[in-house]
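Residue numbers (my numbering), protein chains in the order written: chain A, 1 to 259; chain B, 1 to 273; chain C, 1 to 421.
Please note: incorrect hints may appear among the correct ones.
What the hints assert, rightly or not - Calculated lysine to aspartate or glutamate pairs in the EDC-like style (CA-CA distance at most 20 Å, straight line):
no., chain 1, residue 1, chain 2, residue 2
1, C, Lys335, A, Asp59
2, C, Lys170, B, Glu90
3, B, Lys258, C, Glu215
4, C, Lys266, C, Asp128
5, C, Lys219, B, Glu181
6, B, Lys91, A, Asp59
7, B, Lys258, C, Glu218
8, C, Lys118, B, Asp31
9, B, Lys91, C, Asp226
10, C, Lys122, B, Asp10
11, A, Lys26, B, Glu181
12, B, Lys91, C, Glu76
Honestly, the hints are just simulated from the structure, not real lab data.
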Amino acid sequence: MSSVIQSSGEVRSVSASRPRAMVNLKPAIFAMLGIVVIMAGYRIYQQIFAWSAGLDSTDPAFETYWMGLLKGELVLLVLSWAGLWSWLWITRDRNLQALKPREEMRRYFNLVLYIMVYALCVYFTGSFFAEMDASWHQTVVRDTAFTPSHVILFYGTIPLYILFGVGGFLYAMTRLPRFADRISIPHALAVAGPFLILPNLGYNEWGHAFWMMEEFFSAPLHWGFVVLGWSVLALGGLLLQIARHVFETMGRLEQEAAA
Amino acid sequence: MSAQLQENRDSVTLYGRRWSRENADLSRTFDILVVIIMFIAITAAFHLHFQLTVGDWDFWVDWKDRQYWVTATPILLMAFPAALQYVFWEKFRLPIAATVCMLGLTIGIWITRYSGFHTWSYFPFSMVWPATMIAGGLILDAVLLLTGSALITAIVGGMSFGLLFYPANWPLLAPFRLPMEAMNSLVSVGDYIGYAYTRTSTPEYLRFIERGTLRTFGGHSAVVSAFFSGFVCILVYLLWWYIGMAFARVATLPNRMKIFMGLHDRGAEGKDA
Amino acid sequence: MRLTSPVSGLLLGLLAFVAASEVAAHGERNQEPFLRMRTAHFYDVAWSTGKVNVNEDVVIEGKFRLFEDWPANLPEPEVAFLGNGTPGPVFVRTESWLNGQPAIQSVPLKIDRDYAFKTVLKGRIPGDHHVHPMVNVEGAGPLMGPGSWVQVAGRANDFVLPLTTLDGTKIDNLETWGVSSVVGWHSVWIVIAILWLAWWTRRPLLIPRLVAIDEGREKLLISRADLAAGAVLIVLTVSVVVIGFIWAENTYPRTIPLQGGRAVVKPLPRSDAPVEVIVERATYDVPGRSMQIRASVTNQGGRPIQFGEFATSGLRFVNRELPAAMAMVSPTYPKDLLPPSGLKLDDATPLAPGETRSILFDMTDAAWETERLTSLINDPDNRVGGLLFCFDDQGDRVIANVSGPIVPIFKDLVAHQGMTH
Chain A
1 MSSVIQSSGE
11 VRSVSASRPR
21 AMVNLKPAIF
31 AMLGIVVIMA
41 GYRIYQQIFA
51 WSAGLDSTDP
61 AFETYWMGLL
71 KGELVLLVLS
81 WAGLWSWLWI
91 TRDRNLQALK
101 PREEMRRYFN
111 LVLYIMVYAL
121 CVYFTGSFFA
131 EMDASWHQTV
141 VRDTAFTPSH
151 VILFYGTIPL
161 YILFGVGGFL
171 YAMTRLPRFA
181 DRISIPHALA
191 VAGPFLILPN
201 LGYNEWGHAF
211 WMMEEFFSAP
221 LHWGFVVLGW
231 SVLALGGLLL
241 QIARHVFETM
251 GRLEQEAAA
Chain B
1 MSAQLQENRD
11 SVTLYGRRWS
21 RENADLSRTF
31 DILVVIIMFI
41 AITAAFHLHF
51 QLTVGDWDFW
61 VDWKDRQYWV
71 TATPILLMAF
81 PAALQYVFWE
91 KFRLPIAATV
101 CMLGLTIGIW
111 ITRYSGFHTW
121 SYFPFSMVWP
131 ATMIAGGLIL
141 DAVLLLTGSA
151 LITAIVGGMS
161 FGLLFYPANW
171 PLLAPFRLPM
181 EAMNSLVSVG
191 DYIGYAYTRT
201 STPEYLRFIE
211 RGTLRTFGGH
221 SAVVSAFFSG
231 FVCILVYLLW
241 WYIGMAFARV
251 ATLPNRMKIF
261 MGLHDRGAEG
271 KDA
Chain C
1 MRLTSPVSGL
11 LLGLLAFVAA
21 SEVAAHGERN
31 QEPFLRMRTA
41 HFYDVAWSTG
51 KVNVNEDVVI
61 EGKFRLFEDW
71 PANLPEPEVA
81 FLGNGTPGPV
91 FVRTESWLNG
101 QPAIQSVPLK
111 IDRDYAFKTV
121 LKGRIPGDHH
131 VHPMVNVEGA
141 GPLMGPGSWV
151 QVAGRANDFV
161 LPLTTLDGTK
171 IDNLETWGVS
181 SVVGWHSVWI
191 VIAILWLAWW
201 TRRPLLIPRL
211 VAIDEGREKL
221 LISRADLAAG
231 AVLIVLTVSV
241 VVIGFIWAEN
251 TYPRTIPLQG
261 GRAVVKPLPR
271 SDAPVEVIVE
281 RATYDVPGRS
291 MQIRASVTNQ
301 GGRPIQFGEF
311 ATSGLRFVNR
321 ELPAAMAMVS
331 PTYPKDLLPP
341 SGLKLDDATP
351 LAPGETRSIL
361 FDMTDAAWET
371 ERLTSLINDP
381 DNRVGGLLFC
391 FDDQGDRVIA
401 NVSGPIVPIF
411 KDLVAHQGMT
421 H
């Protein structure tokens, strides 16, 4: 997404500043296609190796295919988090006061696109692989916390949405004056709530170890996920905030064009 | 529509305000992107909520009973539609939130029933088909549009939401309630499907279903359940309307990280939105 | 209705690849030893065949005893269900019986009593599947018996499950029954929802409407046509629900609710010639992979007895010097559950009626490790349990409970580390 950082003082003619120029969809589209490819890869991997190597955690094949994948994911998690977040921080705009409305508008759309990529990752976690987890547990006998559905759901897809959720948050804080001045509570909630699903795994695994031996998805030991999932509703507050900022920026765009 | 939108060469009038062409185009692009985001995000979060609360009642044909399924499903479904109706109606006058929720949920569910339960775990669709929930969402949106009132939507829409769930699903469910004999016992076709297709870790007794009534008026368990569900839906709607209001509040705090950001304008006081 | 598409074609192709490759057992080895040694002890288990085609039956029969020394952290089996430990519905269960009674519903069972079971499974998904008998106990979860590989050959698409209901409806295949109707009704509602959303989303949506409300022009946001559309939507929605309901009532006039009653099954009668076993000391030699139980055994029956087998967690340590015991071993019993060294005794002379004698039972085999039963030293409750099969001089069998604390013996540090990791 290097194109998102351009000099703030750029001036263009009105005819050249149609939304197509203001909104750069390409990085987001590539990111989303990449995510779909990764998710399809995960799904195919499950189809091949869950039944053949994932039923018995004492089996050497389990160690190869599932613990191996888990270790790979953990490495990728650390690298991707550290990479994107530090890049966003290091390349931050230190001269936000001089930001022109045209560039600010472009950045608002980049933020929206960040949130879109985040939402797609949340979809694959909260909807797609989460209910797949139900179909897996109720079919097999639970024998390890790192069962094939968990290796992908908990340690593959959750870190990915955290990457883009926190990434979008940092993007806003380091590139948009309003978000640099003040922390948006709805934005923080919409990122922190789903993030907390990762540590909430502790509650889930504790419950399965000491509390409930049987598999039904509606059980209270899963409600930690539910409550944290509600925080996605804070995107409503964030939408209102961004919409008002964008409208205000539109006003300045018109003034600039008139001048 | 014509009173809402007027166009000329340099500007357009949208809902009584003049917009430059550029801003109108930007606004439309914003619409499209946000609609996509909201649809994906609502599907994700609402489906997560749904699968971990309604969950097994919707997964399995032999859990779709007259008592708990009929009572619990609408009550638990009410959360997101009510919360999002607050945002979309109060801030945008759009009566679409409940329908978006139900449509996204339905699509999300079908994708995982196909990919997970059917293709991965071998269950036939006759066992794992989802209930339909869209009728209730449509009614909630239409009532809110016509009355403009959260209270009336709670009372009329909420009650309808609970009452409509069972009859809307009966054409889907009835074929699975035909009686049959298995091992000298009377069971419904749905019971037999649940018995035949093994859920290794989810045995029969885990079914949270009607095990018999104390006294039911004329045997109408489902009607009693639907009516009770409608009543609770009224209360739950109001609760979630206010939860939606809380989540939609644009609150901010000073950014304490700002001192580390090395801004040239450090010290200048920022203003809130 | 089978949903087919390029995606499902790809996935089914992968499935075929999986079916052709080697598959694993499913997790029974990671169930804690206390679950496997002190809950449901399965014995006399037999599989009718190790290979079936799609649509053909495999019958699993046998008995289980709910152990006397039931773990204190598990609820008692007040509600239980005869399941089958298979990788989900790769087989379809067409019948299951407990002591001759139908086991389609859950039942209360009694501790320290025996039950005979029979399960009929019909091959559905091709592949090599590990098939266990199993009892689910509410609160304790799945308790698995011994597993044997059953190969299902053929094509998954050839599977059918036909039946006829009591009102005479013929169902060609339960897999697809009612599905087209489900898909049809879902489609109707999805189309209505999309039309409603299209009605609204075709106009400028967010910022202009937000601004109109902020600036007090909200009356412009909802037109008379919108209100009319809302009224039409209500009438349409209620009409479709009512029409669907009436259609279903007319098409399926005779329906019943889900059947959720509990069954009652009496346990098998107790043996009238019991053998009492009191464990004096049980040890597990970690590097030697050897379990030794010294027990005081009393023959309370009327005929002399000998000791033929110690069975726990599906493992059968059989006394190879006792023909009556060897006769009980079916040639189809899984070889990995029959340790070759079997059961050894320090004194094999028959125990006379009324006699009490201290006997050392020695069971040495790597199976303790491969089945991970030695991991019981990670449990807070270190007790061993199993069934001792005793045979009198006429070949009649008496089954005694054996349970007591167990002490590990660590002879070297390396072995110790291996145990605790």
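Taking only the CA atoms, is the gap from lysine 91 of chain B to aspartate 226 of chain C under or equal to 20 Å? holds (17 Å)
Starting from lysine 258 of chain B, check that the Cα of glutamate 215 of chain C is at most 20 Å away, please. Roughly 33 Å separates the two Cα atoms, so the pair is violated.
When you check the alpha-carbon spacing of lysine 26 of chain A and glutamate 181 of chain B, does it fall within 20 Å? Violated - the C-alpha atoms of glutamate 181 of chain B and lysine 26 of chain A are around 60 Å apart, more than 20 Å.
Mind checking the alpha carbons of lysine 91 of chain B and glutamate 76 of chain C for me, to see if they're no more than 20 Å apart? violated (56 Å)
Lysine 91 of chain B and aspartate 59 of chain A were given as a pair; does the straight-line alpha-carbon distance stay at or below 20 Å? Outside the cut-off at roughly 56 Å; violated.
For a C-alpha distance cap of 20 Å, please report whether lysine 170 of chain C and glutamate 90 of chain B respect it. Answer violated: lysine 170 of chain C to glutamate 90 of chain B is near 53 Å, above 20 Å.
Within 20 Å, alpha carbon to alpha carbon, are lysine 219 of chain C and glutamate 181 of chain B? Distance of about 62 Å is beyond 20 Å: violated.
Holds or violated: lysine 258 of chain B to glutamate 218 of chain C, with C-alpha atoms at most 20 Å apart: Violated. Lysine 258 of chain B to glutamate 218 of chain C sits at ~39 Å, over the 20 Å cutoff.
Given the hint that lysine 122 of chain C pairs with aspartate 10 of chain B, does the C-alpha gap stay at or below 20 Å? violated (73 Å)
For the pair we were handed, lysine 266 of chain C and aspartate 128 of chain C, check the Cα-Cα distance against 20 Å. violated (35 Å)
Lysine 118 of chain C paired with aspartate 31 of chain B [C-alpha distance capped at 20 Å]: Violated - the C-alpha atoms of aspartate 31 of chain B and lysine 118 of chain C are around 62 Å apart, more than 20 Å.
Take a quick look at whether lysine 335 of chain C and aspartate 59 of chain A sit within 20 Å of each other, Cα to Cα. Holds, because 18 Å separates the two Cα atoms, which is no more than 20 Å.
The structure does not agree with the numbered hints 2, 3, 4, 5, 6, 7, 8, 10, 11 and 12 stated previously, though it agrees with the rest.
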